[in-house]
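Going by numbering that gives the first Met the number 0, the first residue of the sequence shown is number 0, and it counts up by one from there.
For the record, the hints were derived by calculation from the structure and aren't laboratory data.
All of these numbers come straight from a predicted model, not from anything done at the bench.
Treat each hint with caution, since some may be false.
[What the hints assert, rightly or not] So the derived label-pair ranges between C-beta atoms look like this:
| # | residue 1 | residue 2 | range |
| --- | --- | --- | --- |
| 1 | 31 | 77 | 12 to 22 Å |
| 2 | 12 | 96 | 48 to 58 Å |
| 3 | 103 | 24 | 38 to 48 Å |
| 4 | 74 | 30 | 16 to 26 Å |
| 5 | 36 | 68 | 19 to 29 Å |
Note that CB positions come from ideal geometry on N, CA and C, so glycine has one too.
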Amino acid sequence: MMSRFSKDCEEASNIDKLQARKAVMSRMLVKSLQVGDAVFERISHAVYLAARGVVLVGNGPQGRKLAEMALQLVGTVDLTNRVVAAAEILVAAATVLVNVHGQWYTYLTDNM
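Starting from the given sequences, assemble the full structure and let the hints guide the process.
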């Protein structure tokens, strides 16, 4: 009976510790994802440069190399494949957008 009670207390204590850790991690994550945070700005700029390299050069070896170089600045080279995949989707969306709305954009810019 006593051992079960102490086990239950220990499990409750572990759950409380886990919830406290989750709360601390959540606060840190929320704080670091705000605009103006140095870490957020540096990482988002590196991801922007990586995606820009892939969009402008392509997803071949040169585009991947540009993405790796940009992501290496913040130590996130492991994300290269994800950035390349996201950039490919961005290029596909932009291509469809130009095909669908290209003439309209041309008309708007010519008449400004």
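Evaluation of the provided hints:
1. 31 to 77: 12 to 22 Å: holds, 19 Å
2. 12 to 96: 48 to 58 Å: The hinted range 48 to 58 Å holds for residue 12 and residue 96, with Cβ atoms some 55 Å apart.
3. 103 to 24: 38 to 48 Å: holds, 47 Å
4. 74 to 30: 16 to 26 Å: holds, 20 Å
5. 36 to 68: 19 to 29 Å: holds, 24 Å
In this structure, every one of the numbered hints holds.
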